[in-house]
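Engineer: Below, each chain spelled out in residue letters.
Number of protein chains: 4
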Amino acid sequence: MSCRNASVAIIGAGDFIGAAIAKKFAVEGFTVFVGRRNADKLAPLISEVQAAGGSIVGQSLDARKEDEIAAFLARADQHAPLEICIFNVGANVNFPLLETTERVFRKVWEMACYGGFLTAREAARLLVPLGRGALFFTGATASLRGGVGYAAFASAKFGLRAVAQSAARELGPKNIHVAHLIIDAGVDTAWVRERIKAQDGDAAIDNLPPDRLMNAASVANAYWQLYEQPRDAWTFEHEIRPFGEKW
Amino acid sequence: MSCRNASVAIIGAGDFIGAAIAKKFAVEGFTVFVGRRNADKLAPLISEVQAAGGSIVGQSLDARKEDEIAAFLARADQHAPLEICIFNVGANVNFPLLETTERVFRKVWEMACYGGFLTAREAARLLVPLGRGALFFTGATASLRGGVGYAAFASAKFGLRAVAQSAARELGPKNIHVAHLIIDAGVDTAWVRERIKAQDGDAAIDNLPPDRLMNAASVANAYWQLYEQPRDAWTFEHEIRPFGEKW
Amino acid sequence: MSCRNASVAIIGAGDFIGAAIAKKFAVEGFTVFVGRRNADKLAPLISEVQAAGGSIVGQSLDARKEDEIAAFLARADQHAPLEICIFNVGANVNFPLLETTERVFRKVWEMACYGGFLTAREAARLLVPLGRGALFFTGATASLRGGVGYAAFASAKFGLRAVAQSAARELGPKNIHVAHLIIDAGVDTAWVRERIKAQDGDAAIDNLPPDRLMNAASVANAYWQLYEQPRDAWTFEHEIRPFGEKW
Amino acid sequence: MSCRNASVAIIGAGDFIGAAIAKKFAVEGFTVFVGRRNADKLAPLISEVQAAGGSIVGQSLDARKEDEIAAFLARADQHAPLEICIFNVGANVNFPLLETTERVFRKVWEMACYGGFLTAREAARLLVPLGRGALFFTGATASLRGGVGYAAFASAKFGLRAVAQSAARELGPKNIHVAHLIIDAGVDTAWVRERIKAQDGDAAIDNLPPDRLMNAASVANAYWQLYEQPRDAWTFEHEIRPFGEKW
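Chains as they are written, first to last, in this note's numbering: chain A, 3 to 249; chain B, 3 to 249; chain C, 3 to 249; chain D, 3 to 249.
Just chain A, same shape as in the assembly (with noise of 0.2 Å):
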């Protein structure tokens, strides 16, 4: 593992797709700044990266606070010089639309939408001046189709596609890559396994077929992928799902 002066920063780092991330990143070299409501579940994560020789810090983060997301930034970034911000946070929720409350509605999309786009403009601000960068969002299926139930998290999906559409047209030209990934499948999470032996039983999840779901790794490699692209022929959306899906 070369170390880089570089470092990335994750908003978002959850159990599966945010951490496959991080670990991707710190063995390319980059300091790994991860962020999520609850420091303490971090860490995990941390042990794994730096037993395998990785430079990474965790730390609390509340998305929903400009103030938060900025310091957070702030911090990678005089670290390393930021090179890398990837909006991660998820807030999957279905609701029939009449049982969908005002808290609800909102909540989700501060965390989904909200954050999104404090997390945006706080990179730019950082970017910019570097003249260069990358920023990327994670979306799903629910970025394109509102959905039966999904009026709340649609909406918030929605809406941080447009912030990242906005996002990419005005700093293409400055030379930052702004991408938003649209994984329109289930990934292989404890709750999208939960999920499925609820529908469908548990033979259902003994007998899941090899890469019917997405792996966690291969988001964060899809991640990569984008990183490395040339800026001649940068990806804004990029969709993703696996082999047997349908779509």
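If you are wondering where the hints come from, they were derived from the structure by calculation, not from laboratory data. Honestly, I wouldn't trust all of these hints.
[What the hints assert, rightly or not] To spell it out: a stretch of chain A is covered by chain D in this simulated footprint if at least three of its residues, at any positions, have a beta carbon under 8 Å from a beta carbon of chain D; those stretches are:
no.: 1; segment: 173-183
no.: 2; segment: 222-232
no.: 3; segment: 239-245
In this text, a Cβ means the ideal position worked out from N, Cα and C, and glycines have one as well.
Assemble chains B, C and D onto chain A, guided by the hints.
Structural biologist: Frame of chain A, contents of chains B, C and D only:
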């Protein structure tokens, strides 16, 4: 003008589009309930509709307040069964990403997206038991495109479109027509004329060809067409633009 | 029925959608020119329209023949100035990719796409000098989605949509309304009923809820609405589906 | 360069994109089969690849001929199992609708769409029994947008996209990766430079900023990234554009 025992509620009844919709549905015999931030500004519209023999009720309304929306729709429904609810709140702003304050981002969302969610849910609460009705949303070019400077506005409009889509998929089978009208052009308003003047000079306004801007009455007409569609051929997304518009 | 000095040309006047369009525009006072492969099959339509006091002319027409299209439109225009031209040729087939012969692929394209191009160009040749008119195309779910087994049909429908888009951008500023009507559902035709029966059994047809399929008359109505739009608020892409349709 | 027992077939191996793809996959150890209308023009590419130690076979190929496509792919597969098939035939033309001859419309379709269908089907015939492989299509801005003057080209590219989508949905579950690469920009070719010169003058070319046009090598790189994706995270539609591109 034949009188119907049915009400139309317009949330966001501004001087142009909202007013034109109100006049159209009043002429068709509906009792029209119009709400906007400052009810004083509704006076000319109310006079005009009443002078023409129409039935109209105006009130101050903050579309960001759950209880105000609910009370407004309930009042309309108590007067005469609610048949159509139109969400027409605009919030068009343009700021570079770095100059978009969190206050602007939040406020634009609250007005243009969150208010639309509250409207959708509260209208559904009244229409689902009736087993019929229509719920329409005003969209814009920014509903589909996050352009430079539109992080806030496009994010809200994308989010509103998701609410509308989700509502359409959920309420359509319940015989409630949900539609999202994309106005892909400048509408002929004082504000648009000022903007053209500022950008292209006075002559640009003086020489504006007929029908180059969209007339508010034509937007009202588009809503009327949506209302008249038979339920075996409903439109969800309806786009309109002037014949000479570049797109 | 008031008589107008204006003609409508329908290319692909089948027993359902095409016939319904013809009846609607005849009732509105247009002289309707209807073309289909086998003119003999037009007899019932012609009788019905004439019995109702309408003006209609039918003829055999191969939409894949440049000169036939040109002659058909010229004939309509000579009778009464051409005002609306509707391309309604269908060619819905479904084959696995490996079983799609080059003959099928080519024929479906010739009927559903190439014929549409010829129609667009020849109609433009007549309408541009008149400085007004309408040019409408019938689309389908497959205009936007290449589903399993639809390599041939979707390819032709995608291609037709491109022709319509390109024509709209080119002819709109010349005051010619080009629209693409996406019928995102099964229309109530003998063929669709057979398909439902084959897939879901006789009971599925017997128990078909009202308005579950789209009525051909509603498609005609959608075209009429497009025709009635003022030019400051034209729709290019117009989607319709029954209230209970999954999408 | 390690040698693989696997072949890549490139249909439409022009001097820029096609050649760059060939060089990339040759460097990675594949035997590359390249076909284009006039095999003589392949000589420089073949020399260059062979000089670098790569394995390459060129031949004349009319992509509109079913038997030629079949024979070309069979020949590649007999040499070494076919692993990737790339359809890269271009046919970019721009004519006003009224000046688009039926000959042009048909020829552009035959080259850019029909040839793609033949390629998809014949590649599937070889890859399905192998239970793996990749099938990639080169798209363009006109794959998604029917602009002024693009009735013929956009129609063919829309149609090709439908073929690719349909193939992806059908072959994905069979472990064959189908992708559609949308090049949303001008690629740095002699033709594009001429076009810029014609439109904007000599200075526009002299002052062209670095990476303002897309390099053919970057397109090849994009295909390589698609090839390297794990099957639990495949991309179907992949868009690329230079950092400074307006979109």
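Engineer: Now tell me if each hint is right for this structure.
Structural biologist: Do the hints match the structure? See the list:
no.	hint	result
1	173-183	holds (count 4)
2	222-232	holds (count 6)
3	239-245	holds (count 7)
Of the hints listed earlier, there is not a single one the structure fails to meet.
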